[in-house]
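Asker: Listed below, chain by chain, are the residues.
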Amino acid sequence: MSGARLEATRLHLRHAQADRDAVRDVTLAVAPGEIVALVGPNGSGKSTLLAGLAREIAPRAGRVCFDGTPLERWPRRRLARRVARLPQDPAVPEGLTVAGLVANGRHPHVAPLAAFSTRDHAAVREALAAMELGDLRTRPLETLSGGERRRAWIAMVLAQEPELLLLDEPTAALDLRHQWEVLEFLARANRERGLTIVVSLHDLEQAAGLAHRLAILHRGRLYAAGAPERCLGEEMLRDVFAVDARVGKDDGRLTLRVRGPGDPLRSL
Amino acid sequence: MFRRASGRPRPLPREFLDWQVALRRHTMEERHGAPHAGVAPLVTVHRPGPGPGFLSSSVICGLLPHPEQLARKTEEFRSLYESGLEAGARAVYDRGIQYFRDYYRSADDFDPDSLTTLLPEKTPLAEALRADPRCALVFFVFDLTDRSEIGRLRCLQLDGFAELLDAGPVYDNVLWHNALFHGVVDDHVVIRFRHEASFDTRFGAMEPIVS
Chain A
1 MSGARLEATR LHLRHAQADR DAVRDVTLAV APGEIVALVG PNGSGKSTLL AGLAREIAPR
61 AGRVCFDGTP LERWPRRRLA RRVARLPQDP AVPEGLTVAG LVANGRHPHV APLAAFSTRD
121 HAAVREALAA MELGDLRTRP LETLSGGERR RAWIAMVLAQ EPELLLLDEP TAALDLRHQW
181 EVLEFLARAN RERGLTIVVS LHDLEQAAGL AHRLAILHRG RLYAAGAPER CLGEEMLRDV
241 FAVDARVGKD DGRLTLRVRG PGDPLRSL
Chain B
1 MFRRASGRPR PLPREFLDWQ VALRRHTMEE RHGAPHAGVA PLVTVHRPGP GPGFLSSSVI
61 CGLLPHPEQL ARKTEEFRSL YESGLEAGAR AVYDRGIQYF RDYYRSADDF DPDSLTTLLP
121 EKTPLAEALR ADPRCALVFF VFDLTDRSEI GRLRCLQLDG FAELLDAGPV YDNVLWHNAL
181 FHGVVDDHVV IRFRHEASFD TRFGAMEPIV S
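Protein chains in written order, with the working numbering: chain A, 1 to 268; chain B, 1 to 211.
Check each hint, because a few of them may be wrong.
Take a look, some chain A residues computed to stay more than 10 Å from chain B by CB distance [claimed, not checked]: (1) E181; (2) G209; (3) E235.
Label-pair ranges, simulated between beta-carbon atoms [claimed, not checked]: (4) A:W180 <-> B:R147: 52 to 60 Å; (5) A:D89 <-> B:D18: 37 to 45 Å; (6) A:G68 <-> B:H182: 29 to 37 Å; (7) A:E229 <-> B:R147: 37 to 45 Å; (8) A:G252 <-> B:D186: 40 to 48 Å; (9) B:H182 <-> A:E205: 45 to 53 Å; (10) B:P67 <-> A:A58: 36 to 44 Å; (11) B:A197 <-> A:E229: 51 to 59 Å; (12) B:H182 <-> A:A29: 22 to 30 Å; (13) B:D186 <-> A:G134: 46 to 54 Å; (14) B:P67 <-> A:D89: 41 to 49 Å.
Hints in this document: simulated from the structure, not taken from any laboratory. Computed from a prediction, not measured in an experiment: that's the story for all the values here. In this text, a Cβ means the ideal position worked out from N, Cα and C, and glycines have one as well.
Can you make the complete structure from the sequences, with help from the hints?
Answerer: Right under this line is the structure:
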């Protein structure tokens, strides 16, 4: 699978009717095959940035380019064949089965009024298998557990066969086992399919374990970006999350131990 | 309370400017950019209507580069900010601190009659200054634990008038200086305080300070 670079340059995003930018002057480039985790406290602009990267919010200033072309110049269907976004809490259409939902992922690939091709059917089958949903394919979504439902949504964006996947807190409200499954799957999709992933996560240890790079947001600005070992430090935790915490390593993975409230560098 | 604004700024007292430069050098070298109380005056302005008739607000004030260096310094601030964007605000901040360690060396390098601040344009202070630009800046430092020259007791009143700027070379300089520490901002106005007269107001006095 060929990859394409996603680039946000001097990006400012503002929600309709808001009087200030939720994302301010963010410059971020995501290389093909890379996993970038957006982290930051509540209200730091993670979801807004993801929406901007997916063209759901038009830049107030700056631009987002995919494969060298500004997002607004991409025909919607052509972009949807290459970029998929999964919001944090998508509405579940009543009565829709797992297979039906996953088949929706093929929408950008199927011409209007055309029937599914062999390739479309195969993509749905592969997505169901990848998320281990074969046995649940005929089940209505509302009968699934939270973890199963989340996997079904991820299978849908997989069936879309994008090069770039934008995910907003895919592990939110899942138990530990299902969180692990989702993250494992994302890592595998990146490794085996070369899928580029931009994902917002609340759990810093999970983000550090999954991502090649972290992009840390604070009050709408990019506080720091880089490899987890470089970004995830005690100073950052104090400045951004206002906690006094220790960063350690366990079995090669970064670990955090919060000791209490911190004293951030208020100028930032 | 306010003198009639002459519209003709006069140089700040040299010892005041020396103090301000020393405070900022100390801030960069010893406090990693955390402002000292000595750079945060109370700005007092007329505000007609119910109440005492005036408004006092604290601001963090800045020094402008000497007019001959203004454009070059603005470009340096801007370049420093923009070249660090991809690494993030923390890296920009740290590079800014590094840069400013060598920046505050001599009062000769700064505009002798101006102090500046940046405010959201809709704040009561900005609106009051728009209505009546006459103002007084009160600098008050009283910390018995600080035995250094920059921390000794000072109570100074600087009278003058404010210019509100939303574009131009001074606006750009203040904007990019601020961006190094707080990012770029919209809907803000630069207040350029022009100095006319200074007083030492310790213990109820009102002694003119003449450089």
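Asker: With reference to the structure, classify each hint as holding or not holding.
Answerer: Outcome of the hint check:
| no. | hint | verdict |
| --- | --- | --- |
| 1 | E181 | 31 Å, holds |
| 2 | G209 | 21 Å, holds |
| 3 | E235 | 8 Å, violated |
| 4 | A:W180 <-> B:R147: 52 to 60 Å | 58 Å, holds |
| 5 | A:D89 <-> B:D18: 37 to 45 Å | 59 Å, violated |
| 6 | A:G68 <-> B:H182: 29 to 37 Å | 32 Å, holds |
| 7 | A:E229 <-> B:R147: 37 to 45 Å | 43 Å, holds |
| 8 | A:G252 <-> B:D186: 40 to 48 Å | 44 Å, holds |
| 9 | B:H182 <-> A:E205: 45 to 53 Å | 30 Å, violated |
| 10 | B:P67 <-> A:A58: 36 to 44 Å | 40 Å, holds |
| 11 | B:A197 <-> A:E229: 51 to 59 Å | 57 Å, holds |
| 12 | B:H182 <-> A:A29: 22 to 30 Å | 24 Å, holds |
| 13 | B:D186 <-> A:G134: 46 to 54 Å | 52 Å, holds |
| 14 | B:P67 <-> A:D89: 41 to 49 Å | 56 Å, violated |
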